[in-house]
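Listed here are the chains, written in short residue letters.
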Amino acid sequence: MLLTIILGPILGAFAVPLLSKLGFKPAHIAVALGAVVFLLSVYLLTAAGNGTAFVWRFEMPLGFGPHFELDMLSGFMACCVSFLSLIIIFYSTGYIHDADYETEYYTFVILFLGSMLGLVFSFNLIWTFVFWEVTAVCSWKLVGFFRKDADKKKAVKTFLITVFGALFMLMGIIAVYFSNGTVDLSLLKGAHVPAIACLLFIIGMFSKSAILPFSTWLPDAGVAPSPVTALLHAAVLVKIGVYVFARVFYTIHCDPALMQGVAFVAGLSSLVAGGAAIRETNIKRIIAYSTISQLGFIFLALSTGSAAGLIAGMLFIMIHGIAKGGLFLCAGIIEHKTHTKDITMMGGLWKVMPWTGTAFALCALSVAGIPPLSGFFSKFMVFKSALIPGYGFIFFMFLVAACFTAVYLLRTFHLVFLGAPQHEWAAGDGSFQTVFSVTLLGVMALAAAFLISFPVGYLVRAAAQMGVL
Amino acid sequence: MTILVPVLLPLICAAGVLVFGKKYPLSNKFFTFIGAVGALGAAVALFAQDFQMFYMNWCEGVLPFSLTAGTFEKTVVAALCFFAFIILLYAAKSKIENEKWFYFSFLFTLSFACGAAMADNLLLMLFFWEGLLVSLYIFIVSAGAQSTAFKAFIINAVGDIALLAGVVLTAAAAGSFEISIIKTGPVQLTDSYGAWAFLLMCAGALAKAGAVPFHSWIPDAAEKTNSAFMAYLPAAFEKILAVFLLGRIMTFFNLSGGSLGANIFICLAIPSIIVAVVMLFKQKDLKGFIAYNIILQIGLLAFEQGASLGGAAELVSHGIYKAAALSSMFLCAGIIEAAAGSTALDKIGGSLKKMKFTAVCFIISCAVLCKVTLLDIIFSNTYAGLYSGNTVGIIFIALAHIFILAAFFKVIAALFKGNTQVKPVPVMLNFSAGVFAVLALLFSAGWVFDARNLFVLEHAHFNFNWVSGVGIAVILAAVALHIKWPSPSFGDFTPPDFYQAARTASLAVSTGLFKTDRFFDFIIDVMPTTVIKRFSKKGSAMHTGLSISYILWALIGALVFAVLSLSGGWV
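If you're matching them up, the sequences are chains E and X in order. Taking our numbering, the leading residue of the first sequence gets 192, the next gets one more, and so forth. Taking our numbering, the leading residue of the second sequence gets 8, the next gets one more, and so forth.
The hints are simulated quantities; they were obtained by calculation from the structure and are not laboratory data. Errors might be hidden in some of the hints.
So the derived label-pair ranges between C-beta atoms look like this [as the list claims (entries may be wrong)]:
| # | chain 1 | residue 1 | chain 2 | residue 2 | range |
| --- | --- | --- | --- | --- | --- |
| 1 | E | T237 | X | M8 | 32 to 42 Å |
| 2 | E | P208 | X | M534 | 35 to 45 Å |
| 3 | X | E104 | E | G242 | 36 to 46 Å |
| 4 | E | T373 | X | F568 | 33 to 43 Å |
| 5 | E | R338 | X | G575 | 44 to 54 Å |
| 6 | X | E104 | E | L660 | 45 to 55 Å |
| 7 | E | G242 | X | S266 | 56 to 66 Å |
| 8 | E | H614 | X | V26 | 26 to 36 Å |
Below, in silico cross-link-like pairs of lysine to aspartate or glutamate (EDC-like), each with a Cα-Cα straight-line distance of 16 Å or less [said to hold, decoys possible]:
| # | chain 1 | residue 1 | chain 2 | residue 2 |
| --- | --- | --- | --- | --- |
| 9 | E | K343 | X | D292 |
| 10 | E | K344 | X | D528 |
| 11 | E | K344 | X | E230 |
| 12 | E | K348 | X | D532 |
With the C-beta cut set under 7 Å, the calculated list includes, among others, these residues of chain X facing chain E [unchecked claim]:
| # | residue |
| --- | --- |
| 13 | G138 |
| 14 | V165 |
| 15 | S263 |
| 16 | L267 |
| 17 | F521 |
| 18 | T523 |
| 19 | D524 |
| 20 | F527 |
Quick caveat: nothing in here was measured; it's all calculated off a predicted structure. A virtual CB, placed ideally from N, CA and C, is assigned to each residue, including glycine.
Based on the sequences and whatever the hints tell you, model everything.
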């Protein structure tokens, strides 16, 4: 089953160009693959919850063989990833109309999904690294999708920074191998790992999850099509770093001072990104800065090393993925309508695109953590988990970052949807697929608040399974 | 299940407004009426029952949906529902823009305010409390005041984040989020988180009520939105909720061990009093004048609480009569606006001469807020703490009251002098204003909400002592000030606009942070790219195509290798 959910999309990605030659539409193939992967992940989520074990190993010399395992944490993450990917693929069917590159687009999106799932289920750090790098290749190709010189430059920047960080992580993996004799996480449970190896890991994770000083690739990657930015830079790709952080640092034993350092840098990153978002006028860059800022909150929670931190961090990944994915997708609809990304050139869009406006408002409120939206719970749980000795100043930094979040998101909403229109906009939101996708995410951002007990209950059991509760 | 009605029924009706409001405009008022009357009925029914509670596990180990209705909660919920009902009667007869969103926000506010009042869990309380941000924003934005809505949202969001921090710290200090548990073992201010928790909780409560520096959206909203909204949210609900939370705070913390708690209250109150007193004299618009009264009254309330450290019930009674008076004043302002077409003081002179009922309501409300009703200022025992020797406090509050009274004299005089033409207004508008005026009068005379007997008049004020003389002196001094110096200008002094200052500061900070981001971009992207480009340019220049250069390269490499090998550098 694990191989099916990983290899299905990876092999499916290569089938997309072949089947498109036979007359099948790449969009349809992608949606079908996305739906199947999502259904499988739901099955695995349920199975993990019921305690069913799924393990797949392949022995290789030096213990470098792949080892995939289903536990509650990976089941949860896989479900989040596949759900958001499915929504974004569906959105893409109403957004990507470039016949020349459509096949390539869906190929890489599906390949990305497969590699992401491989990473999620991988318990061998070498294979985590392999899938990690495959996602980097996919993101390079997708960011430069429009093929303008500027786009290609940004794609290369994205690739180089994340690969640069990944090299540090590789050194960390090698260091773990030499110090502990294995890179299999199931054998590293509770092991003491040298601080330098932990530091190398953290650099890699920071680069992937866009934390200072490696954060600047994320706003630049906004040149990609909106579904790509939603998929890679809000909902899924940037969550790799935090997920692997949770997976690794809730398995091995690390110096608490280093974790406090992580929280401090994450706080600084949140503040800098929040401040930059207030000054920015490009809608996609604002949302990208917001992502950087919010990723800091996840690192804050996870750096505590507590069960509360794990639950808060993973819940934040889910809720932020829904809301931020929605915001990026709304930005895509808005860009299609206005042909600009500059929010000062918009205004008055509420009257012509009420559905998008409503979805944007719901997602923005959720990211800002305002009740009754679900973001309130994740924000609160992060703050609750961070109330530990030595975190006083860091706690304060994140309070300020939370204020910044409310400011830049409300400012964006005001300039885009309210105020005097800068042009005479034609009425209408967008294609059915795009509007349906953002509406669904907006509704989910709200509904998740009332159904919050399900993910939280699951994560509580996941924390117990990981031995931190 | 009665306990759920004030929370759920308005919310369901709000959903009805949202769904049907645009297509069937009449349904807006219909749903709102159902929601408000149902909630009021449930609130009254709660009084007929003993302690009520509801428990549902909303989120495992994180958030139980637990509501309780003891005496304190019932009082607050009854007050909220009553205010909502009376203001609804007013709103139904007044001109409201964007009715759908107004009534949606009206019901949403009622639901969440009742939820906040009855929540038995700090997180649940925070959920309802912060949720009010949404309706506040929609109320103002639907009235067309977009920049004010932005300001109100941000100011209140900052206050709510302070409250969130306070809630987390309080729960950490008390070891529980359950309000009923925290009350059984109040937090000491000397605990590790105690003082911070207390300060942040108080700041959150006062921010909601518009205390300085969280005040500047209120005068703007008064100018740009309708009177019904102002009477409903800033004047009534936010005031009642603030006193409710302050009352809760009094039970969460043990303040008896020292003066820190009292000093925090007083320090938070003084800026509001000073700013509001100065601004009262500068107002040329009736709504602006009342708006600054909102700020003033929360300052006075916090000051008196600091001075007396009174109990929760006393605080709520105090807050309700202030809310009633302020609401009545706003409704009167709305009536004057409807009748005279303006609220600018120089355009409505003499209007009250022709609107006798409105005039009576307005004067009663003014008198209540000035504490001269039934000579309350003289006999009030809310100053008990001050009487016990705090001379500086007595002088400060006496001076403040002299100016407050003089400012009221000035406005009342402006409303009676002149001959502005007025047109008739619906009776229902006056009815609502009148109800609040009577309520304010009763409360200021000593009527206290009692769970067992709603209509008990428990006059607890007659406590004549030497400080009462100060009260008489205050009134005489205010009269003298009004006659001799009717419009004190305070020179060019204008209190700082904290919102603007914070905005300027945050823009400067965000510019700095943006530059920091660009600096890191330079370090990570521009610099390496430049270095590599130059390096590769140099390297490419070294490829001369001559054999000698490659031999030289190889020799240098061999030399380095040899040196490293011989020195043991590889090991």
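Here is how each hint holds up against the structure:
1. E:T237 <-> X:M8: 32 to 42 Å: holds, 34 Å
2. E:P208 <-> X:M534: 35 to 45 Å: This hint holds: roughly 39 Å between Cβ atoms.
3. X:E104 <-> E:G242: 36 to 46 Å: violated, 58 Å
4. E:T373 <-> X:F568: 33 to 43 Å: holds, 34 Å
5. E:R338 <-> X:G575: 44 to 54 Å: holds, 53 Å
6. X:E104 <-> E:L660: 45 to 55 Å: Holds: the Cβ-Cβ distance is about 52 Å, inside 45 to 55 Å.
7. E:G242 <-> X:S266: 56 to 66 Å: holds, 58 Å
8. E:H614 <-> X:V26: 26 to 36 Å: Given about 32 Å between the Cβ atoms, the range holds.
9. E:K343 <-> X:D292: violated, 59 Å
10. E:K344 <-> X:D528: holds, 14 Å
11. E:K344 <-> X:E230: Violated, because 51 Å separates the two Cα atoms, which is more than 16 Å.
12. E:K348 <-> X:D532: holds, 7 Å
13. G138: holds, 4 Å
14. V165: holds, 5 Å
15. S263: Where the cut-off is 7 Å and the nearest Cβ of chain E is about 26 Å from X:S263, the hint is violated.
16. L267: Cβ of X:L267 sits 19 Å from chain E, so the hint is violated.
17. F521: Where the cut-off is 7 Å and the nearest Cβ of chain E is about 4 Å from X:F521, the hint holds.
18. T523: holds, 5 Å
19. D524: Check passed: Cβ of X:D524 comes within 4 Å of chain E, closer than 7 Å.
20. F527: Holds, because the Cβ-Cβ distance from X:F527 to chain E comes to roughly 4 Å (cut-off 7 Å).
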